[in-house]
Every structure is written in structure tokens, then in C-alpha cells.
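S.K.: Residues per chain, in single letters:
Protein chains: 2
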Amino acid sequence: MTDNIKLADYLFTRLRQLGVGSVFGVPGDYNLRLLDYVVPAGLHWVGNCNELNAAYAADGYSRINGLSALITTFGVGELSAANGIACAYAERSPVIHIVGTPPRPLRTSRALMHHTFADGEYGRFAAMATHITAAQTALADTLTAPDKIDWILQQALIHSRPVYLELPDDMPGVLVSAANLKTPIRIPEVPSPDHEEQVLARIVDRVYSAKQPVILVDGESRALGILDQLDTLIKTTKWPTWTSVYGKGLVNESYDNVYGLYAAGFGDEPSKEYFESADLILTFGPHYSDTNSYFGTTIPKDAAAITFKDSTIQIESDVYQDMSPARVLADLLKKIENDSRVVRQGGPPKQEVTTSDIKDTDVVAQNNFYRLINPIFGEGDIILTETGTAAYGGRFFKLPPKARTFGAVTWLSIGFMLPCTLGAALAKRELNQASGASNQTTLIIGDGSIQMTAQEISVMIKEKLNILIIIINNEGYTIERVIHGRKQAYNDVPFWRHTQALNYFGADEEHVAQNTFTARTCGELREVLKNERVHSGQGVRILEVMMDREDVEGPLLYLLNKQKAEEKEGK
Amino acid sequence: MTDNIKLADYLFTRLRQLGVGSVFGVPGDYNLRLLDYVVPAGLHWVGNCNELNAAYAADGYSRINGLSALITTFGVGELSAANGIACAYAERSPVIHIVGTPPRPLRTSRALMHHTFADGEYGRFAAMATHITAAQTALADTLTAPDKIDWILQQALIHSRPVYLELPDDMPGVLVSAANLKTPIRIPEVPSPDHEEQVLARIVDRVYSAKQPVILVDGESRALGILDQLDTLIKTTKWPTWTSVYGKGLVNESYDNVYGLYAAGFGDEPSKEYFESADLILTFGPHYSDTNSYFGTTIPKDAAAITFKDSTIQIESDVYQDMSPARVLADLLKKIENDSRVVRQGGPPKQEVTTSDIKDTDVVAQNNFYRLINPIFGEGDIILTETGTAAYGGRFFKLPPKARTFGAVTWLSIGFMLPCTLGAALAKRELNQASGASNQTTLIIGDGSIQMTAQEISVMIKEKLNILIIIINNEGYTIERVIHGRKQAYNDVPFWRHTQALNYFGADEEHVAQNTFTARTCGELREVLKNERVHSGQGVRILEVMMDREDVEGPLLYLLNKQKAEEKEGK
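Just so you know, the protein sequences line up as chains G and F, in that order. So in the UniProt record's numbering, spot 126 of the first sequence is number 126, and the numbers just go up one at a time. So in the UniProt record's numbering, spot 104 of the second sequence is number 104, and the numbers just go up one at a time.
FYI, nobody ran anything at the bench for these hints, they're computed from the structure. Careful: at least some of the hints might be erroneous.
All copies of an identical chain are treated as equivalent in the list; a pair is satisfied when it fits inside any one copy or across any two copies.
Stated by the list, open to error - Mimicking SDA-like on lysine to any residue, the simulated pairs with C-alpha atoms at most 25 Å apart in a straight line are:
1. Lys464 / Arg497
2. Lys462 / Thr499
3. Lys568 / Val174
4. Lys272 / Leu67
Could you put the whole structure together from the sequences, leaning on the hints where they help?
M.R.: Here it is as C-alpha cells:
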């Protein structure tokens, strides 16, 4: 029979079919044989510095590419990746976590192998994975392996969350049937429930009758696979459109009717008034964590909201189950596209952003920095703002078309954004290959966060990615300082010489000298930003900007002032 | 009532009572209020660069000190630490993992908080911890909190493994009863089972009648709390004594009858012959993983062995349950101490170590490096050899009295040893405070492993610890190369400039210049080792030595040659 294929080739063929171009991970005793097949399968192998970084990078790659793969080794490797997998779960990034496990005979005989607790138990780590992945499977024989692989990959796509695949070290080379490979893996359509027509009719009715309708795009819209439809909806209706923190970058901010982030009482007053008096809020992909919803204040009231989420649509307080939001949205668009009766122009005045008030002698600070760097972002670029002051400041960037941005949504694991930047930049480069386009990826990160995962800069260098890393050096965990313990030493971090990063992490000596920058004043920052190497350079560049330890804005300033008031009261 | 105390003070008082001097961890939203109490309680706070490093450091501290504490935050922090906690479980290090969790009202109301999956579930991460900790508890009210704390601390001591303690963010300041604090926490004595006398009699009989008895000290002897008794036994009997990889450093290698590591067919032939023909092998704290037992070849045969482990003693094939090995050993010593009839001198010839054959023009290599550096170790020093070639080479060091060493036992998570070094050095400095003694800690680590956790060097610098880091630069994961894929690119790592480490990680400029060294030849290495700054310096020093990509010895050489043979056969 010619219809057989080696197991590893089967798996990697499936990954290629689903658009995966690179695989992240770290080699380990129980995955080396699997790794032999990665490059021959036409996949690029990204060896990361450690597994947490690899998981973060796979997450970033998936957010841009739609799917990613991570290979770790049993126990030591997979557990190091756990927090990264949990991050992908919380923020809906489909990552195939492939764990190379000890060969089957060792497991069957309960051998006391290394990377176990030397007690014959082999099921512990898979049991742990059930809590942070959407589905799990363990390959154990050649008969069932292909179906198991197909099932687990489909689960990742359906849930848009990580899944867990155990692959014993004695299996990469075994033959399995290749028959399935002729049928692509797809998310199946759900049947139309009886109430679908009624739901659509209610929505259409509300859309036509609305006097002051708005659109709210939250981040789970990505997982719903409706971004193109949303673009059509926004263009068709011309309704004022906002995003959440999580949804930012999923809509085209260059349209006149797109306002960027909705921040309720933490944003501008006219927007808040308009949003709160809307009689219809079409809401997509809601994700109502405290951090993504400004403590719940941005959540639309039931009376105005029609909400599209995974398998439900909610109209006022009626929750309709077993829906396909994508199909309902498509049906809605068929009815209203090119129908000018749905158009509602107007909306609150847009906030103008200017930098003319910023003097060259001003020190770089939260209230000027983001405005000054915003112009360097180009169409299709990626901007990542790490949890901390960067994520708060980066929320109000005006994004060019097709630009994507990641901020602090819900998981908020500091250290995440740096490896995520590696993965996102790599995915973008691969997606650009057909068009020949080139993009910049910019990471803005604090001096506390960067200490968590800094070594991954060396992989960015090795991969020759065009990444600008802007380090906000404010001497510690400023975000924690404003939450609690603003003068406590536990919020300090060790002193690092960030301008030595490229040197330590192995960039060419000439590159190091020409691509490391610092700025303390706005004049210096303006000068640096004019440098072509900074805004459109090659390879990794470092820009360190100094800010005050307690320099914060928005909700963080609110928390800081609250803490200061409590100090005065002697609490 | 004056008999009340704040919860955090209760916990930290208990830790102080049990000899904990420093606490490791990373601040996070849900533990900041707890951190307020650390320093006022007289504990030193070590803020680590990330949670995995913190867990590794806590493990190292515990191996020297006997107990340690780690504080992380809910979800993001604790999951990052998971692999470090698992390491402590596998190799029996009691670490109190304290997780700051969201305030109780948020949990009760299933609020969609950050650091959760925004689905109202708060039990996931605690469920994961059940697989990698010996006991778990969640503080939830003031009535039961003190007993729960006492119980969890006792469990850590009993099992000599990590435990998991959830402490809600609204509880550090609540009052609890201080009554328990008057009673120290101890490991309770187990009752003597009926068969204890018979067991002791059988052992005594065998001890007197043995013609060629030997002692084997494995690593779980530390968890059994019998190290002082073992020292007496070794001195009393003068029997030839070996250790496992895990047991190395637990016995005084300066005694004439102590031979160091027993490696069966991977060690010297006379030792193997002597060990295998012994008619009695008193075996303590066995831990028979493949890596700690040279694929099982060092495990004594049942016919000769009497084995002391947790709660059992095995004589030939008879396993006696419910024993206290420490009590039986104490009773044995009472009977045989000062009784010359148990003395058996002799044993195989000791292998002499010489460096006179090493030429100054020789390149530094596995077969000369360990012999050349061995003389710099002093009494009470700590030597850590990271998984990889370093761990294999370091097994044959001749250790000075009271020196401790950690090598590759079972968990073998690369990256572990560097933060472990931080924790071990800190514990040693604290233990030395009373005597005023000073010790060096030396880490030997490969260029692959160091990339996993390198940032912790900055914490070593901040803590002003006297640590020599020797980096074996052999251009990648040499240990993985010899296992599989010796020419595969996945075993490469990014190029780093290790001599820039102290500079990047913030050491004083003068210190950087005077404490960074390299050696390519044995002559250079000899010269460097003469430098007082290297062998007895202050602060962190870096020594980079270059070795060949495939330079290995012992079992690793065996694996390499096997792979080369397979390549020839075209496998």
C-alpha cells in the first residue's frame, strides 16, 4: 500500500495544510526524534531559549496567523510552558501543544525515568493540561492516531484555544494511514436552529428602527472568524464604532466612523454620552473581564445590546442558544448591504491628537510619549504594548489600516509581550511572503517586564526580524506600585544596562553600535524617531526611554491618587 | 484578648520558627498586601526576575537550609513556577508555595477578574497543583486558618516535598488566634510497629556477620533526616562507602573509606567488582531513576541489600512497613558504636587523580577541565553542576568536608541550576552568619542551559553573593546532540557574548572589568584559577571556557559512539 505515511509526517502535513509555517519549542530527550521531521516537512524550526518563551511566541504567532504549534518535552518542558498555554486559553489563541513523551514500553512498564517523579506515574502532567487546554489526546497506536490528530486540530480551530497532544518518542517514524489527508480539516457548520429566522428578523427590525445605533467590537470577534464581515458592516452602516482593549486592531481605524477604544468614564466625555444613550449597540465577541471592560463600566446595557458570541446571540435579555453568529451576521449583511436606510452618520466629535504642545525640553513621560511615537507606525505593522504603563498608554494609538495591536486584556502575565513579539513578527513576515510586503513590529515594554523573558531577544536576532523594542525604564514595577506599595522595595527590580542587550545577545558588533538608542527628553526622542534605522530599520533595535517611577495616566493615576489619599489618612 | 495576631504575621512567624530567613518570589496584584509583612517579620525578600527562577531558587535554598518559601500571584505567577515546584517534588525539596489569590468576595461572586479565564472559575490552578505538591490548602476564614497553616507546613517537613497554600488578598491583615505559636511544628514520631525489634535484630545480625560489607548513600537520605547518623556509621564501621549521583555531597569524602560516586560499569573496575561481590550493602534513601542509577546498574541486588527508605526497611525481599528508618538506624548505632567487631577495613584501591599529564597547550576539554578546577573548592563550599556535560564531569569531583553538590538526578530541567545557585548561596550565607564563616558557590553550566534562566544573574549581583559561574561554551545542547541529532540545527542555540553578562546585568563597571575571564587552553585555565578573584573573590564572577561541540565522556561518550555507529550503518 502506498497510502501510508510516517506519523510525524502526517502531523506536520496537517499543520502545513492549516497554514502553519513555523514551529516553536525547545529540544528535549523525548522529542528529538519528532524534531527530525520538522524541517524536512517544510516547516521552519524556531528554537526558543526556554519553553515559557516558546509558548508565548507560539501564542503571538497564532494571533496573527490563526494557528500555531509548540513542541516541548515531557514534564520539564511542558510544565515550563503552562503559563503560556493558559495565556493562550484565556485570550483565545489556538496553539497545538505537542509534547514528546517517553516511549510507550517505558510507560507501560512504569519505568522510573528521568523527567518523571520516579514513581511509575505518567499521567500527572496530562491531567494538569486538562485545566488549561480545550481538548487533550494521547497518541498510542497507529490505528487511531490519524483520527486523533485530526480531532485535536479541529478542536483548536473550533474553540480558538490551545490543545494538548501527547506523542510518544517511539512513534514519529511509525506508519499510519494517509487517507484522511485528502480531506481538509474545517470547522463544521452548526445546523440552523428553529429560532434562527426569528432572531434574524428581530435584529433586522432593530437595525432599521435604531435612531442612535453604535457598534462595539470586542476581542473574541477574532475567534468568531467574523472580521471581514465586521469590516463590511462598519462600512455599510457608517455607525459610530468602538472597540474594547481586546478588540483594538481588529477594525480599520482610518474610517471616519471608527473611534478606537471605548473607555467609558476613563475616556472622553462625548463618547461616553453618545455610547450610553445609544438605542442599539451591536456587540461582537464580548469578553467582560474587569481589565478589558474598565471594571465593567464599558459593558452595554441589555436594553440596547444585541450581542454575538460563540454559539449564542443575545437580544435584550433573551439568550438564543445553538446559533452561528457568523451565519446570522452574513444573513444580516445580505439584507442591509447597499441599503442606505441603515446608514446613520454623525456620532460624537473625534478627539484631535496634537503634539505641538510638547516642548523639546520636556522629559519623556506617559502624557507625551505615545503621541510622539504614534506616527512611526505604518500600514500592516504590529504594535505590542506590554502589561503595565505601556498597555495603558498604547490603548489610544491611532492605528494605520491593517495594523494589529496586542495589549493587556485579561491574562496580564508580565513577560508575555516580548516572546509574543517574536512570534507575531515571524507570522507577519511569512504572511507577507506572497506579496513581498515588509512590516515593522514594535514592542513597548517596561524595565520590570523585560527581565522576565529578555533572553528571547537573542532569538529575534537569530531570526533576523525587524523589531523595534522600546524599553520604558521607570525603575521597577510601576503598575504594581500604583496598585499597592508605591514605596515598597518589593516593587523595585535589579538594575540592568539595557543598551547592552544587543551586544550580550549576540548581534553583529556593527549592528549593536548603530541600533541602540536612548532618550530622556522629548527633543531627544523626536531626533531618535527621525532616524530611519529606528522607524524602518533592519533587525532588532533597542530604544530605552527614561520615565519617572510614578508617572502614570488614566485608571492607573486614579489608583495612585487613591493610594496617596489613604497614606494621608494613615491607612 | 492579646492572644491574636495578623494572619500574615502568623504565617511568617511560623516560617521564622522553622528556620526560614529569606522568601523568594515576584510581586503581583494578588500578593502585594501579603508582601507588606515580609520584611517587618524579619524575613529577607528576594525579588526574582520571574517565577520559574524564583521556584528554582527556593528549591536550592531549601536543599541547603531544609525549608524554603516562595510567594507568587494567582494564575500567571503560580503557573510559571509549576516546573520548579515539580522539580522540588521529584528531588524532595520542601518548598512552601504561597499563592496570593483574589479577595474572597470576588471569588464567591465568580467575578470575571484578570489572571482568570474570565469565566468565574477559580479552582483550576489549585487543581493543577495537586499533581505536583504533597499537600494543598486554601485559607478561607480566621477560625481554621492557623491550623491549616500548621498542617501544611508539617506536611512539607514530613514529605520533604513542596506544598501549596492559597492566601486570599483580603486576608493578610485579618486577626487569627496566636495560641498555636507556642507549640513548635515538628515531624511526629511514628509508633514502633510490632516487627521493629525483629527488623533491628536481623540488621544487627547481618552487620556483625558480614565479611565484605559496604554502605551506599543515596539522595533521599537528606529527606530521611539521617545525615548525622550516617556520618557516625561511616566513621564507626570504616566500611567502604559510595554515594549515588543524588547522594554525592551528603557524606564526608575526606574519610579514607569514602570512595565518592558509585557508577558500576561507568566507573572504575575494582570498585565495581568490590561492590558487586559485597555480602551486605546498607543502602539509605534509595532513588532509582534511570539517570541516578546508571540505567539501573548501580542498584544493589536484594540478596545483599538492606534498604532504609521513607517508612519501610527492606531486608532481602522482605519489606517491613510502618518503620522509622531514623529510629532503627539510631538503635543500630547504639549497639555497634565503639564495637571494633563491626569494623571492616580494606576495600578496592582508590583511583588517584593527577593533573601532571595535562599540558598547558592542551585545549580545555571534558577530560582535563574537572581535574584542573577541583582544587579551588574549599570546606563547606557549594558546587552546582547543571544537567549536561557539567553534571557528568562534576560527578567525580573530590569534595572537601561539608561541601555540598547538586547534579543531574531525575528531574533534569535545564536552566534549573542557575537560580538554584542563587538560592543555595543565600541559604549558606545565612547559615554561616553565626560562625562568621564565608563560602564560595561555584556553578558549572553549559551555554545552552544558561540561556533558559540567565537573567537571575542580576539578582545574584543585587544580593552581593560570592558566586563563580563557569560557562562551558560548546555551541549548543551537547547532551542532546549525543542522545540524538548530533548534526541537527535544532541542537544549536543563539550566539551570546557571555563575557558581557556582568555588564548587561548591572554589576559595577569596575567589577565587570576585573571579574570576567575566559580560557581556551589548559595553560590559560591554570593561570585564571590562580587569580584570587576567581577562587575566593567577592560578588559574581564569570569564567567562560570553550570546548568542542562533541566533547563528552562516560555514558555520554557511549551514546555518541552508538549514534555514530548507527550513522555508518545508514540508520
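S.K.: Now look at each hint and say whether the structure bears it out.
M.R.: Okay, the hints, checked on the actual structure:
{"no.": "1", "hint": "Lys464 / Arg497", "in the structure": "both (23 Å within a copy, 17 Å between copies)"}
{"no.": "2", "hint": "Lys462 / Thr499", "in the structure": "both (18 Å within a copy, 19 Å between copies)"}
{"no.": "3", "hint": "Lys568 / Val174", "in the structure": "between (70 Å within a copy, 22 Å between copies)"}
{"no.": "4", "hint": "Lys272 / Leu67", "in the structure": "neither (36 Å within a copy, 54 Å between copies)"}
Taken one by one, the earlier hints fail for this structure only at number 4.
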